Each structure stands twice: as structure tokens, then as C-alpha cells.
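Student: Protein chains in written order, with this note's numbering: chain A, 17 to 435; chain B, 17 to 435.
The hints are simulated quantities; they were obtained by calculation from the structure and are not laboratory data. None of the values given here were measured: they were computed from a predicted structure. There's no promise every hint is true.
As the list claims (entries may be wrong) - Only pairs whose alpha carbons sit at most 20 Å apart, straight line, appear in this in silico PhoX-like list of lysine-lysine:
{"no.": "1", "chain 1": "B", "residue 1": "K225", "chain 2": "A", "residue 2": "K213"}
{"no.": "2", "chain 1": "B", "residue 1": "K225", "chain 2": "B", "residue 2": "K259"}
{"no.": "3", "chain 1": "A", "residue 1": "K241", "chain 2": "B", "residue 2": "K302"}
Unchecked claim - Label pairs and their in silico Cβ distance ranges:
{"no.": "4", "chain 1": "B", "residue 1": "G397", "chain 2": "A", "residue 2": "D301", "range": "34 to 44 Å"}
{"no.": "5", "chain 1": "B", "residue 1": "A352", "chain 2": "A", "residue 2": "Q25", "range": "35 to 45 Å"}
{"no.": "6", "chain 1": "A", "residue 1": "Y272", "chain 2": "B", "residue 2": "T211", "range": "50 to 60 Å"}
{"no.": "7", "chain 1": "B", "residue 1": "E92", "chain 2": "A", "residue 2": "Q25", "range": "55 to 65 Å"}
{"no.": "8", "chain 1": "A", "residue 1": "A69", "chain 2": "B", "residue 2": "A352", "range": "22 to 32 Å"}
{"no.": "9", "chain 1": "A", "residue 1": "Q40", "chain 2": "B", "residue 2": "R76", "range": "25 to 35 Å"}
{"no.": "10", "chain 1": "A", "residue 1": "F328", "chain 2": "B", "residue 2": "A204", "range": "24 to 34 Å"}
{"no.": "11", "chain 1": "A", "residue 1": "E418", "chain 2": "B", "residue 2": "A311", "range": "39 to 49 Å"}
{"no.": "12", "chain 1": "A", "residue 1": "R70", "chain 2": "B", "residue 2": "A204", "range": "51 to 61 Å"}
{"no.": "13", "chain 1": "A", "residue 1": "S84", "chain 2": "B", "residue 2": "D117", "range": "16 to 26 Å"}
For each residue, glycine too, the CB sits at the ideal point set by N, CA and C.
Protein chains: 2
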Amino acid sequence: MEDIKAYMQQVGRQARAASRIMAQADTATKNRALTEIAAALQSQSVQLLVANARDVAAARDNGLDDASVDRLTLTEKTVRGMAEGLRQIAQLPDLIGAISDLSYRPSGIQVGRMRVPLGVIGIIYESRPNVTADAAGLCLKSGNAAILRGGSEALHSNQSIAACVHAGLRAAGLPETAVQVIATTDRAAVGELITMKDYVDVIVPRGGKSLIARISEEARIPVIKHLDGVCHVYIDDEADLDKAIRIADNAKTHRYGVCNAMETLLVAQSVAAKVLPRLCKIYLDKNVELRGDEAARALVKQMSAATEEDWFTEYLAPILAVRVVAGLDEAIAHIATYGSQHTDSIVTENYSKAMRFLREVDSSSVMVNASTRFADGFEYGLGAEIGISTDKLHARGPVGLEGLTSQKYVVFGTGQVRT
Amino acid sequence: MEDIKAYMQQVGRQARAASRIMAQADTATKNRALTEIAAALQSQSVQLLVANARDVAAARDNGLDDASVDRLTLTEKTVRGMAEGLRQIAQLPDLIGAISDLSYRPSGIQVGRMRVPLGVIGIIYESRPNVTADAAGLCLKSGNAAILRGGSEALHSNQSIAACVHAGLRAAGLPETAVQVIATTDRAAVGELITMKDYVDVIVPRGGKSLIARISEEARIPVIKHLDGVCHVYIDDEADLDKAIRIADNAKTHRYGVCNAMETLLVAQSVAAKVLPRLCKIYLDKNVELRGDEAARALVKQMSAATEEDWFTEYLAPILAVRVVAGLDEAIAHIATYGSQHTDSIVTENYSKAMRFLREVDSSSVMVNASTRFADGFEYGLGAEIGISTDKLHARGPVGLEGLTSQKYVVFGTGQVRT
């Protein structure tokens, strides 16, 4: 335990020192590091796959479930994907140092804001080795130092990836300590990481809800986090029903296990009889289990009764809760009560109702006539994302490079003093 | 204790409900409330001054120090000032609902960001009744609900101001619960306020360092805070010495007890003999105590020896630490080691050194050829400030209306689904 503390303090000190160098690194140097890491991942892919096979074998022996083994497993294709992701990050514009809103004040000083890195970013994630490369790339490009703590099942895979990251940093003349991958599976390391205020500026937990809830509870450092994704589609009485069916189908069935999938469908009473039977036939054909309120069940007999708990639930599975509402007000009230402020969409042709929904629904992404599945860093044009924030401060929604930066004030004077 | 918990939970529930209404309030309604509150403060000024006199008398009986009594005391002039401040907030542009960066994506959706209130803001401050009006005004204009907890010595003053705030909200048709002033001096109320995650979105503590440190430690809600203001002026060897003397004088002596006053002066070795004697004569004439390193003391005999502790100290008093450095690198290193990331200024005519200082010093305000005293919401053109943040996430430096808001993503579609 004392050893872990000393080890983590050392990691923290090194990260802080490296962050000062990274903050000043120029764009070409950072991009060179990214492309060198990509090259190392590809040239070292055999070693990477061997290390990963070792993790996978141990995970299977320990009875890890298939879905988790699947996420842990690397293939030649996923390694190429990691390398490609880093090359894409290299292509993104460098935000650091950009000055905006520079203007003269009556005192004669010029005031503006300069975009700067946050400093040291601690990322805690489950056994998905590709996150190691992604997170390293995003932190590097945004001029931050990173401390990465992946799931213990991926230890050897992550250390292999770390070796490639370090080779790339070295080749670009940047400090290897700019990206440190924690070399112990001791859980005390996490406890240390999320409380080292002097060395870490922000924690980004990625993974299941219980991991994130626990880290948020125990952290003494700001956390950028994603909790639930209880996303809604509301089909208004003035919806174009073809759009409504296409969107509600896609939002639920395009992928089930993702945070931006719809979990509850709200339908305006006056169109429920027209839209629900058609739509539910699509769901049932795709083996989606339906749980509805009384009005919905009156229209679709293959629907079981939803309980109060269902309205709060992020299924992440082929299950959908369905509720018939009087109209827009009741839909907005339902979302305010049961939603998780992630992503909600209205389908309507009515201008005023669309505008009200956009303004009044307090979620990180609010949409009109589009599938909730679009709530994603790539789809929004951020280039890449470190996660989706359901917090209100700092960053809401998909968090890309900008979310890993902040702005300081810069003042250009010519000798002004305050009077 | 149980009563306090129940009371605060009730306050929290009411604030959350009010925040939904405030988020939708239009600009004219919010401005009307602000001007009505201003009018109420002036028409009720006699009652206000009577309530304040009661607080002041009790504070004197309890042996409160003169400076604190001074901050507690209201006069006709300060009441007019509060009213004027609210009218100025009414004049500021309304940021809420503004959509920026709206652009089409290859999928056909249009993605932008809408500025939205944070929700419920808890403000904890010392016995300065004018903060009650200021904070209420800023939260109101930014579409937030506020829970205000002022120092116990100001209880009657704050309740009087609250009555005016409520009258103004009522007159504008807004809920009185949009601004709630805690009616108990029990410290348990603070403990409750800073942990009511479901009802409060952010805590802004204003006051002494120990108050802020304690609240940050115990809060389970994000905090926008200001810790130390150990501000530096670095006089470079290529400085215009007249500007240098004017700026270094102003930064230290314009006001002593403020967070943006210079606390440590750094001077490049090669100009120290030219600038320090002239400058220190000014300080000594103004009774500023000087504490220097050996090189500085060799030039100014009325200087005592600075200890390691001095470099870390925010004096908030007519005391100045002085250090002679080799040049820019040593100045930047000193600021990184001893500074508090608040405000630092370089005086130089050299372009490259000015640019390096701006980029490399990691403080919320970094200046060239200007007094640190400019680090202020009004001077920066924010119109008003709720405080100065020394945090890195969300808001750095002076925090005005924008710091009390966030941005959500809005998506305008025409039936798009993800493929």
C-alpha cells in the first residue's frame, strides 16, 4: 500500500513536469509523435497480439464473460484501427494557443482568451486496450500529459501499447512521461490517482455505471463523466409519420448496447393509433421486447406492462419502454422527470413545438427530426471523442479535443495602469 | 439538525423547480425583475438600513473586527450602488438561448451549440450584504435559480434584501423561489447545501481562503473557486523602465487587500541596479515593507531578508517580496514554482519574450506591459463578476454571466437516421 502510494506520487510528479513541456510543444512535433506511435503500433503488431493473447487466455481462465473477452481482444484489424485513429487525430486542427475575442477596452488594454491544455488528465477505463491508444492520442494532441489506468485484465496489452506510445514520443523528442500507463493492477492505485490534487487536473472515467459512480464519489479532483443514457424520442401529433417511424426504428435498433440508443418512446395520443401498430411491428420483427403504459398496450397487444422503474431504466438491450402522452408538455415533463439529460429528440413538422423542445429540454444533446444515435463526437464533427459528458459544467455532450482544454485571459498592454 | 436537513431539502426542491421556469424566462421578463428589484431596494432603503443597523450593533457587541464591520455596514450610498449594479446587469446582453457554430454535417444534420443556464447555483459568502444583491442579479440574468447563504452577522440585512428581491421577482411574474436566501445561521445548512447533488449544480464560495478551502474539501458538487492570488510582475532586461516602474508601482500600491495585487516582484539581473533603487524609493515612501533576496538587498538597504515562505505568500498588505532573476527562464520557473496561477505580468519591449511569457505562464490571466490590477470582470468587459476562478475546468479568471452558463448541443434534422 505504501509502495503504491509512492509509485503513484512519482507518476504524478513526472506527469506534472511533462505537462509543462507538452503545453509548449508545437503542432508539428505533436503530429509527428502521433504518426510515429501509429507506425510503432503497426510495426510491433505481432508483439502486441502476443501480449494480448496472454491477457485473453488469462481472462478466459478466470471466467470473464464473452462480451468482455470480446472487448479485450485485439486483432490485426483493430490494431490497424488504432493506428488509423491516431493518424486522424494528427489531421485535426491544433486548438492550443489560439486567441479569440481579442478586443480593446476603454482603459487601452487589449483583452482576449487563449486556449490552453488542462494539464494532467487521469483516465480510468475498463479492459479495452484500444482506449489506451485513443486516450493517449487525444491527450497528446491537446497538449496534456496523461496517466492511463486500464482494466487489470488488459495489463499486458496496455503495456505493449505503452511501449509503442513511448517510442513515438521519443522519436518526436517529447518526454515519455507525457503518457504513463499504470503498471500495477492494485486498486489502491486508482484511489491514489483520483485524490492527487497537486498532480492531476481532471479525471475521465470510462466504463460501466458503477465504476463511474464510485469514482465520482471518491474523487477529490474534477471529473468529466458520463452516467446514464436514458434517451427519448417523442413523436408529436404533427410529426411526419414516415420520418417518425424511420427515426424511432433507428434510434432503438441501430445498436442496442450504446448510450445514445433510445430507451423510451413517447407518442402523442392523437397519432398513437396510427403510428404505434406500424412501428411496433418493426420492433417485434427485430425481437425488441416492448413494455408500455395502458394506452400503448391497448394498441399493441404484444406489449407487457411497464413499471415506474422502466421509465428510469437504461436497458442497453433490445427492450423499449413506450408511453402515450397528451402532447408536448407531457413529453417534456416526462423527460425532465425520468430522463438522464443525455440525448432526446422530437419528431414534428410544427416549428413552434420544435423550438420549444430544443429550448426546454435540458439534455446535453437535443434534436429535431433526427435519430438520437447521432450524439457522437465523429457525427458532430469533433473528429474524435474521449467520451460523452452528462455533467453541466465545463463540457456537455460528446467531449473531443476542446473538452481537454480551457481558456486563460491574455492582456496586451502598452504600459497601462489602473486608476 | 434533522430540521435543518428538511429545511434545506425543501429549499433545494423549490430551487430546482424554479430553475426550470428561469431557464425559459425571456430577456424582457428577467430585465424587468432586475429593475424592479433595484426600485424596491431604493424604496425600501430605510427598512434596509434599520435591519443592517441591528446586524452592525450585534456584530460590534460580539467584538467583530473593524474591517469586517466595515464590510457589513450598508449606507444610503451602498444601497444606491446595489440598485445601480442590478440596473447594469439588466443592460448586459442575454446569453441564454444563443446558438453558435451551427453547421451542416455530411449526414445532412445541422449541429450547433445552444447556451443554457447551469440550473441551481449555491453561493456561500461572508458578511457582505451587497453580495446578496449582486449574486441574485447575476444568477437571475443568466437564467439560473440561486440559493444564497451569507455570513451569519448579516442575517437581518440579507433577509431585508431578500424581501426586495422577492418583490421584484413577483412584479415580473417570476417565482420568488428563484432566489432563496437561507434564513438560518446554523452551519449545518452549509454542509447540506454543498452535498445536495440532486438540487444544486454548482457551488460558488466567496470569502477568505480558509472558508473556500473547507468548502472545496467537503463539497460533493462542482465548485467554482478562487484560492490564492500570488501575483507577479517580471521586469525584463529589455523593459521600458518607465513603464516598468509605473506598472510595478500600480500593481502593488493601487490597493493592497485585493487578490490581483502584485505580491512578488521579479527583476532581471542586468537592469536591477537601474530599476530597483528608483522603484523601491516609491514603495518606501508609501510605507511598503520590502523583503528581498540577497541580490535585491545589495541594491536596496532598507530591505529585509525574504524567506522561502515569502515567495508563496499572498500578503494582501503593504508588503512586497523582491527577487532578482537571471532572465525570462528563471522568472517563468519562479512563477511556476511559487505562483498561484492567478495573474502574472511581464514588462518587456522584446516581442519574442512577450509571446513566450504569454504562452508559457499557466495562470488565469497573463499580461504584457499592463498592471495585474486589470484582472477584473469590469475591466475585461464582462460587465460584472461573480468572482475570479483559479480553477482550470469550466471557467478561468474573472467569472461573469458566461461562467454561470454552459452549452448543450442542438441538432436540426429533416428525418436523418444513422447508417
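Student: If a hint holds in the structure, say so; if it doesn't, say that too.
Tutor: Comparing the hints with the structure gives:
1. B/K225 - A/K213: 17 Å, holds
2. B/K225 - B/K259: Outside the cut-off at roughly 32 Å; violated.
3. A/K241 - B/K302: 51 Å, violated
4. B/G397 - A/D301: 34 to 44 Å: Roughly 59 Å apart at Cβ, these two residues miss the hinted range, so it is violated.
5. B/A352 - A/Q25: 35 to 45 Å: 19 Å, violated
6. A/Y272 - B/T211: 50 to 60 Å: Roughly 36 Å apart at Cβ, these two residues miss the hinted range, so it is violated.
7. B/E92 - A/Q25: 55 to 65 Å: Check passed, 56 Å falls within 55 to 65 Å.
8. A/A69 - B/A352: 22 to 32 Å: For B/A352 against A/A69, whose Cβ atoms are near 45 Å apart, the range 22 to 32 Å is violated.
9. A/Q40 - B/R76: 25 to 35 Å: 54 Å, violated
10. A/F328 - B/A204: 24 to 34 Å: 31 Å, holds
11. A/E418 - B/A311: 39 to 49 Å: 44 Å, holds
12. A/R70 - B/A204: 51 to 61 Å: Roughly 54 Å apart at Cβ, these two residues keep to the hinted range, so it holds.
13. A/S84 - B/D117: 16 to 26 Å: 38 Å, violated
The structure does not agree with the numbered hints 2, 3, 4, 5, 6, 8, 9, 13 stated previously, though it agrees with the rest.
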